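Let chain C serve as the given structure and place chain G on it in line with the hints.
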Amino acid sequence: MDFQLTEDQRALRSGVRELLAGRFGREALRALADAPEPPALDRELWRDLGVAGFFALRLPERDGGVGLGLPEAVLAFEEAGRALLPGPLVATHLAAGEVEGAATGDTVVTAVDSSGLVPWLDASDVVRGDAAGAVPIRSVDPLTPLHRAPAGAPDPLATLLTAAEQLGSAARSCETAVRYARERTQFGQPIGAFQAVKHLCAQMLVRTELARSAVYAAAVTADPAEIRAAALLADEAAVQGARDCLQVHGGMGFTWEADVHLYLKRAWLRAELGPSAGAVEEEWAAAL
Amino acid sequence: MDLAYTEEEEEFRARLRAWLADVLPHLPPRPDPSDWPGRRAYDLGWQRRLHDAGYAGLHWPVDAGGQGATPTQHLIYLEETERAGAPYVGANFVGLLHAGPTVAAEGSPEQRRRWLPPILRGDEVWCQGFSEPDAGSDLASLRTRAVRDGDHYVVSGSKIWTSHAEVADWCELLVRTTPVTDDMPKHRGISWLAMPMDAPGVTVRPLRTLAGSTEFAEMFLDEVRVPVGNRVGEENDGWRVTMVTLSFERGTAFVGEVVACRRTLTALAAEARKNGRWDDAVLRRRLGRLNVEFSALWRLTQWNVSEAQRTGGVPGTGGSVFKLRYSHARQELYDTAAEVLGPDSLDLGREWNLDRLSSLSYTIAAGTSQIQRNIVAERILGLPKGR
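So the sequences go chain by chain: C and G.
For the first sequence, the numbering used here assigns the number 1 to the initial residue and increments by one for each residue that follows.
For the second sequence, the numbering used here assigns the number 1001 to the initial residue and increments by one for each residue that follows.
The following block holds chain C by itself, in its conformation from the complex:
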């Protein structure tokens, strides 16, 4: 047993992190958040992701892919979640090899989720599942346009990759809260020196690390039940993490200008995708 990242996996993770920092940094994020709605999908970014192998990551090399597995895909999506990268990333990744142009980033693919939510419908070239009669809703997430349609088929792999994004988001929220708690001074000391603030941050890390081992293990076993359980924990870590991060930011956290709300809103959105927490709990109760 060696349940730790390999050298190659570490290198992959930092490679994706660097790529995203360069291609979708804070300025790009703010430009999108502050633009008049609706947000446009950056086709050039999409093709850059294609060139970097983000979508073709799990395709065999003989088919022009990178030939890696689910654990590596999870690491890449964790980074996408950390950077709050917009777009139907999961659907396009899962369409690679099945939909022409998806692997290279030339075709943007979305899918009807089992919740009935359809992200980025208008901006996509291909929609998987039946989106006939889909109606647009006023999306809570300013960076993700949404439609509602009749529920699509459940897809454990989509659930796993979405959970990986939640994991990255949870980790990022924790880091952001810690950075702010070290900088912000009140009562003559950094607020991070107060135990009340410290303990919020500690709990953020605890939730993140439990979710991390669950998500990584699910990527290794690819067991659908384990994937759904990991998603439950990752949803909690991402949503509660963003909430706590907002709390640590105090009044600033309630502003549009701080990034915190963008993480919270996307975490809310991802948590609605795939099976509900109640369904997963029932499934795991029945297994007892």
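Think of the hints as simulated: they come from the structure by calculation, not from any bench.
Just so you know, these numbers come straight off a predicted model, no measurement behind them.
For glycine and all other residues, C-beta sits at the position ideal for the given N, C-alpha and C.
Any given hint might turn out to be false.
[What the hints assert, rightly or not] Derived coverage of chain C by chain G (criterion: at least 3 residues anywhere in the stretch with Cβ under 8 Å from a Cβ of chain G; other residues may be distant):
no., segment
1, 185 to 199
2, 230 to 243
[Claimed, not checked] Derived DEER-like restraints, expressed as beta-carbon distance ranges:
no., chain 1, residue 1, chain 2, residue 2, range
3, C, A21, G, E1010, 37 to 47 Å
4, G, L1357, C, A35, 38 to 48 Å
5, C, A286, G, E1010, 26 to 36 Å
6, G, D1138, C, E37, 20 to 30 Å
[Claimed, not checked] Facing chain G, according to a computed beta carbon distance under 8 Å, are these residues of chain C, among others:
no., residue
7, M1
8, D2
9, A214
10, V220
For chain G alone, coordinates are given in the frame of chain C:
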């Protein structure tokens, strides 16, 4: 990332399983929990069997008489012994998991020869004299005094939360050899002593817990003479000597307990199906949630153990992350048990109800949850120290 066990690890598991199947049916009956001499004999007897079969001191270094097993082998050992219903480490806990490893790491060759083999063979029991009535979370403020008198220390003070004190041969004792002054950090001036429990001046008084049992004792020390040769490490360096082992956490601390919790959860579901509470969707979901929780805690255990295996067992602050989540999950487990039992949860003759009482100590013992959060925030996240 690999969750599969190697061929060597699977062989280790198979050998251990075969041995357990062979030896467990022939164990003597378990003593009554209030029969301390009986418990001592039972636990030492088990240790002797482990020793004779080559499993004693599994995780100890080979040059200390141990088996030098990897963290993963240790995890397998704890998992298999728990599954098979083997005896717990019991009275051997302090000897095998703290005092012994401390002597192995910091003791002189003579001290290692004197104290280590009897622990491994199951001949001697150790207890721990660290906490004091006024030194709990703030352990370094301990006040038990040791004054040098020729080739002895004269020790006076009191200790609390000492398990197995009634039946121990030795106590690993933290004492203050230099009084605290304003210009000195209080973790300086502490020394580590091996105190013979039969020395004149040692009084042990059982401490009754809220569970009604006497798992712990208070210890009163009145001018107890301890030979200077029983000091491990330099004088005034006892804090470091102790922490070397306390931080030597290989991620395996709660392996057996997580396995046991998962078994309890299965039994709870069976009971709920039998008594009709299963129809309550809220309770059912709570059980499902706990199943998710403990399965993730098992994965986190495998993660931490693998990390220790790679780093050679370097301090695991990851242990604090695990303990925080696990201790609360365990309390939640027994609160859920009470929900399954309903009015029967008030009957101490029923399974799980005493465990529910015991579980109340989990967020307190070995570092309260509040202290653990400080550790996580300051040592992992790098937040500033403060109040």
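Structure-based check of each hint:
no., hint, in the structure
1, 185 to 199, "holds (count 9)"
2, 230 to 243, "holds (count 3)"
3, C:A21 - G:E1010: 37 to 47 Å, "42 Å, holds"
4, G:L1357 - C:A35: 38 to 48 Å, "59 Å, violated"
5, C:A286 - G:E1010: 26 to 36 Å, "31 Å, holds"
6, G:D1138 - C:E37: 20 to 30 Å, "55 Å, violated"
7, M1, "5 Å, holds"
8, D2, "5 Å, holds"
9, A214, "4 Å, holds"
10, V220, "5 Å, holds"
Consistency note: the structure conflicts with the earlier hints numbered 4 and 6.
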